[in-house]
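Enquirer: Those protein sequence lines, which keep their order, are chains A and B.
Position 179 of the first sequence, counting from 1, maps to 179 under the numbering used here, and the rest follow consecutively.
Convert by adding 243 to the 1-based position in the second sequence; the result is the number in the numbering used here.
To be clear, the hints were calculated from the coordinates, so they are not data collected in a lab.
It is possible that some hints are incorrect.
[Claimed, not checked] Residues of chain B placed beyond 12 angstroms of chain A at every Cβ, according to the derived structure:
{"no.": "1", "residue": "V251"}
{"no.": "2", "residue": "L304"}
{"no.": "3", "residue": "V309"}
{"no.": "4", "residue": "E385"}
[What the hints assert, rightly or not] Which residues of chain A face chain B? A few of them, derived with a C-beta cut under 7 angstroms, are:
{"no.": "5", "residue": "A30"}
{"no.": "6", "residue": "A77"}
{"no.": "7", "residue": "V80"}
{"no.": "8", "residue": "T81"}
[As the list claims (entries may be wrong)] To give a feel for the contact side, a few chain A residues facing chain B, derived at Cβ under 10 angstroms:
{"no.": "9", "residue": "M25"}
{"no.": "10", "residue": "P27"}
{"no.": "11", "residue": "L29"}
{"no.": "12", "residue": "M69"}
{"no.": "13", "residue": "V76"}
{"no.": "14", "residue": "D84"}
{"no.": "15", "residue": "F85"}
{"no.": "16", "residue": "M87"}
{"no.": "17", "residue": "V100"}
{"no.": "18", "residue": "Y101"}
{"no.": "19", "residue": "V107"}
{"no.": "20", "residue": "L185"}
{"no.": "21", "residue": "A186"}
{"no.": "22", "residue": "G191"}
{"no.": "23", "residue": "M192"}
{"no.": "24", "residue": "N193"}
C-beta: ideal position from N, C-alpha, C; glycine also.
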Amino acid sequence: MNKYTERLYNGIIKENPTFVLMLGMCPTLAVTSSAINGLGMGLSTMVVLVCANLLISLFRKVIPNGVRMPAYIVIVASLVTVVDFLMQAYLQSLSAALGVYIPLIVVNCIILGRAESYASKNPPLPSIFDGIGMGLGFTIGLTLIGLIREFLGAGTLFDVPVLAQFGWFTPITIFIMAPGAFLVLAFLVAGMNIVRKRMEAKGKPLAKPAGCLSGDCASCGHSALCSGKAVAGEKQAADAAGN
Amino acid sequence: MSTLAELVLIAVGAAIVNNVVLSQFLGICPFLGVSKKTETAAGMGGAVIFVITISSFITGLIYKFVLANSFLAGKGIDLTYLKTIVFILVIAALVQFVEMFLKKKIPSLYQSLGVYLPLITTNCAVLGVALNCVTYEYNLLEGVVYGFATAVGFFIAIVLMAGIREKIEYNDIPKTFQGTAIVLITACLMSIAFMGFSGMI
Chain A
1 MNKYTERLYN GIIKENPTFV LMLGMCPTLA VTSSAINGLG MGLSTMVVLV
51 CANLLISLFR KVIPNGVRMP AYIVIVASLV TVVDFLMQAY LQSLSAALGV
101 YIPLIVVNCI ILGRAESYAS KNPPLPSIFD GIGMGLGFTI GLTLIGLIRE
151 FLGAGTLFDV PVLAQFGWFT PITIFIMAPG AFLVLAFLVA GMNIVRKRME
201 AKGKPLAKPA GCLSGDCASC GHSALCSGKA VAGEKQAADA AGN
Chain B
244 MSTLAELVLI AVGAAIVNNV VLSQFLGICP FLGVSKKTET AAGMGGAVIF
294 VITISSFITG LIYKFVLANS FLAGKGIDLT YLKTIVFILV IAALVQFVEM
344 FLKKKIPSLY QSLGVYLPLI TTNCAVLGVA LNCVTYEYNL LEGVVYGFAT
394 AVGFFIAIVL MAGIREKIEY NDIPKTFQGT AIVLITACLM SIAFMGFSGM
444 I
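In isolation and in its complexed conformation, chain B is listed as follows (with noise of 0.2 angstroms):
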């Protein structure tokens, strides 16, 4: 069983010091692509929080009983090599699932991430933080801590971002930088901010 220290160190390590989008850079797409307005950005980050934490602990239980489990492994029979192939499918098959279950469950939710949710299938970030917790030689309640630390630091980093673009609007930018060139000039200045915690843990 691993300690809390341990847990909190991982999770201050996946949200800050290693951040999702700023250090690894897994979910680009979304972070430039969704990050107008702050309203939008928050509802994409809640949404990545919300299916990457499920996400971390549903791979995290296939990979341990099936995938990786002790009778097969006592048969000397690995099938670990499939796990690119069945942690696409399952984040696939779960974000549908996720998506129908809100709809019909809790629509309220439903309303305020609904859009954000089918976006997610192909997120690197996703699949990036099921394989990661497979490397890392994660336990199940260590990787959902990673998994959860992981998208916050998704959502901090994207919030962040939505914030500054919409203060960039009233600011006059050279017109060849308009648009996607400036907002990769922030991405690039908020690294170096990140890249200011790497000495803490």
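Just chain A, with the same shape it has in the complex (with noise of 0.2 angstroms):
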């Protein structure tokens, strides 16, 4: 396996931002309503992803280390200022369905992490592939998510009547409500933990949760920006109640 196919491995399988580090867990919950949204915000954060890390790894060099984290920003806010006009241009009915969450891909944890991570310190080619691995694992978790709740709340699966066509078939619409993200995220996450603990007693462990799930910054883009002092915080808030 040479070093492009095992970044996209590594972003699909070994270190899926949605399954295994539990990263961008906002548009996960909030678009996942329905299959075709799901695969929207999915491929729309992946193009921003691959294009920031392309544009990160050219600059790495030339970008203060300072600075780093507002030329992230910039270079981030730019490209899905992007992505935003040219869906609602092309894309009507799908920007609209997913509406702020557009904008809001600027600070979604995957883009600014992988800057931060990987393209900052990797050539352009490298980092374009790892993009992309990052980019499809998320979009996979994303449409995965979306079609289970479709599936459940309304009996459809990319509009495609399966279920609604028959008339035993009650919608559980909650499903596609707010309640049913945080139920079916409630699921994966402990389908996981099974998945984990058996992983671990073959003795191939998957990668920690990274993001703030995890409660660990280390590995958070954001860490420089807040260098973890939120749970520190809770840290020493915990070790002043046991004394």
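Using the supplied hints, reconstruct the complex from the two chains, each of which is provided in its own coordinate frame.
Expert: Encoded structure:
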């Protein structure tokens, strides 16, 4: 396996942002009420991620270390603006369905996370493949969650009636509403806990969750801005309570 | 000028009916990550109220008088497409500035909110509020009320969640569901409860 396919494998399976690293939970919960919305969100995030990785990797020797975060944010925000307008022009219904979550790709921790941990240290071509791998992993995650929620909540898959055509079927509407998102994700996390345990027993442990879900700030893209102070503060409070 | 009734409607709508965490899914990270203890959750909630209220005022000002001002519009120049870039930079700078200001001038407030401030820079709720104010075409006052109420909604949600999590500690939870999974189930039940408000306005 050469280093490019290794990057793809890493993003899609080994460090899948949705299932393994548990990053970008806001869009994961918000836009997966149908499979097509999940797919659209995943692909638009992927476009931004690939372009951002490429640009940041190209400029990695020019951007001074002290202002790298603002520089990354400007690059990502510009790309997001471009994607936002392209979608408003050519994919109006999807753009309307995703609404404010498209501009909010700027603060998606996958993008700044990859910029900080990979693109800023590696040459352009591997960075592009890293972006494609991570982007595909995120797209697959969102589409799968969207499929589950749409199937249970509306009886359709990609708007094609599957269960909805049967007379006996009553859609469990709550799955396409807000609480359903939390419920599906809860079972997903629980399922991943089992997978994690099995893999550990086999001696091939999975990568740990990296987002705020894990309470571990070390690998978060925003750690330069926040340096894990909140979690440290919480630990301090716990220590103080213990004493 | 908007009437008091309109402002109250905006506030109730943003704080309870369309709760920022439980129905709009903004600010999920701190909601799940910093809700283990009621005190820290209240600190985080307080910091979010502080930052969102200020930032919705500042971004509102910048949008009205810089990006969408009538002088440029009269010359056919439309800068509003820059809003995402400008808002995120303004928010990032603002949070750093607020942190420095509090540290220097109001140390007691810095003690209680300081550690949470930098975490908020990239909190999607702050940027989401700024962008929503533009989408909903709120004026400056409405924008600030909307921002404050949204943040109060976040405060309510995170403090409730922290209270429940402190109790969950003593419960007998299936091993697979311990940790994040049971928190998400709790969030699901809270979200169902908040759906009950949806007929209110």
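Enquirer: Hint by hint, say whether it matches the structure.
Expert: Here's how the hints hold up against the structure:
V251 of chain B, annotated as away from the interface, keeps every beta carbon of chain A farther than 12 angstroms; the closest lies near 24 angstroms. At roughly 19 angstroms from the closest C-beta of chain A, the C-beta of L304 of chain B stays outside 12 angstroms, upholding its exclusion from the interface. No beta-carbon of chain A is positioned within 12 angstroms of the beta-carbon of V309 of chain B; the least distance is around 16 angstroms. Under the 12 angstroms C-beta cut-off, the non-interface status given to E385 of chain B relative to chain A holds; the minimum distance is some 17 angstroms.
Residue-level restraint check for A30 of chain A holds (minimum Cβ-Cβ distance to chain B is 4 angstroms; threshold 7 angstroms). Among the interface hints, the one on A77 of chain A holds; its C-beta lies about 4 angstroms from the nearest C-beta in chain B, closer than the 7 angstroms criterion. This hint holds: V80 of chain A has a C-beta 6 angstroms from the nearest C-beta of chain B, less than the 7 angstroms allowed. Among the interface hints, the one on T81 of chain A holds; its C-beta lies about 5 angstroms from the nearest C-beta in chain B, closer than the 7 angstroms criterion.
For M25 of chain A, the suggested interface contact is upheld, since its CB lies about 5 angstroms from the closest CB of chain B, less than 10 angstroms. Nearest Cβ of chain B to the Cβ of P27 of chain A: about 8 angstroms, under the 10 angstroms cut. The hint holds. Residue-level restraint check for L29 of chain A holds (minimum Cβ-Cβ distance to chain B is 4 angstroms; threshold 10 angstroms). The beta carbon of M69 of chain A comes within 8 angstroms of a beta carbon in chain B, closer than 10 angstroms, and the hint placing it at the interface holds.
Interface restraint check for V76 of chain A: the shortest CB-CB distance to chain B comes to about 9 angstroms, inside 10 angstroms, so the restraint holds. A hinted interface residue such as D84 of chain A counts as satisfied when its beta carbon comes closer than 10 angstroms to some beta carbon of chain B; here the least separation is about 7 angstroms, so the hint holds. Here the hint on F85 of chain A is kept, as its CB sits about 7 angstroms from the closest CB of chain B, short of 10 angstroms. Look at M87 of chain A: its Cβ only gets to about 13 angstroms from chain B, farther than 10 angstroms, so that hint breaks.
With its C-beta approaching chain B no nearer than about 5 angstroms, V100 of chain A sits inside the 10 angstroms limit, and its interface hint holds. The closest approach between the C-beta of Y101 of chain A and any C-beta of chain B is roughly 9 angstroms, which is under the 10 angstroms cut-off, so the hint is satisfied. Satisfaction of the interface hint for V107 of chain A is found here, the shortest Cβ-Cβ separation to chain B being roughly 5 angstroms, below the 10 angstroms cut-off. About 5 angstroms separates the beta-carbon of L185 of chain A from the nearest beta-carbon of chain B, less than 10 angstroms, and the hint is met.
Evaluation of the A186 of chain A hint against chain B yields a held restraint, the C-beta minimum of about 4 angstroms falling below 10 angstroms. Evaluation of the G191 of chain A hint against chain B yields a held restraint, the C-beta minimum of about 8 angstroms falling below 10 angstroms. Hint status for M192 of chain A: holds, given a least beta-carbon distance of 9 angstroms to chain B, under 10 angstroms. Checking N193 of chain A against chain B: minimum C-beta separation of about 5 angstroms stays under 10 angstroms; hint holds.
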